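Trainee: Sequences and hints are given; from them, build the entire structure.
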Amino acid sequence: MDEARQWHSLFQHHDGVTGTARDSVVVDYAKKMIAALDYLGDITQKSAANLLSSILKAEKSEKNLLKPILKAEKSEKDLLSLNITQKSAANLLNRILKPEKS
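Reading the sequence shown from the start, the letters are residues 8 to 109 in this note's numbering.
Hints are computed from structural coordinates only; laboratory data are not their basis.
If you're wondering where the values come from, they're calculated on a predicted model, not measured in any experiment.
Please note that the accuracy of each hint is not assured.
[As the list claims (entries may be wrong)] Under the rule of at most 27 angstroms between Cα atoms (straight-line distance), these lysine-lysine pairs were calculated in the BS3-like manner:
#1 K38 / K53
#2 K64 / K53
#3 K39 / K53
[Claimed, not checked] With beta-carbon atoms standing in for the labels, derived distance ranges:
#4 L59 / R29: 28 to 38 angstroms
#5 T27 / S60: 26 to 36 angstroms
#6 A55 / E10: 32 to 42 angstroms
#7 D30 / S61: 42 to 52 angstroms
For glycine and all other residues, C-beta sits at the position ideal for the given N, C-alpha and C.
Mentor: Laid out in structure tokens, this is it:
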């Protein structure tokens, strides 16, 4: 992550912004910016997967603890509603990673 941040700040250098750099420098900056974005995308995906797996583990534990009670008092349709947390997390992740275009 530090490397991606450093490459991003390098690209923000005045030569990269104002167009006064030679073509080879601009190409080098662009390659580093793309690599930085790729690194940050990987970090975002891994972080989201970690957060979602924590939610799913907690949800699974909750289902196992409540299973006897739910079997006695709830219908199958009600049991399916327990997946709301999982679906909400997935929808949120999709909106973050692929925002809607206006």
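Trainee: Indicate, hint by hint, whether the structure satisfies it.
Mentor: Hint check:
no.: 1; hint: K38 / K53; in the structure: 23 angstroms, holds
no.: 2; hint: K64 / K53; in the structure: 16 angstroms, holds
no.: 3; hint: K39 / K53; in the structure: 21 angstroms, holds
no.: 4; hint: L59 / R29: 28 to 38 angstroms; in the structure: 45 angstroms, violated
no.: 5; hint: T27 / S60: 26 to 36 angstroms; in the structure: 47 angstroms, violated
no.: 6; hint: A55 / E10: 32 to 42 angstroms; in the structure: 21 angstroms, violated
no.: 7; hint: D30 / S61: 42 to 52 angstroms; in the structure: 47 angstroms, holds
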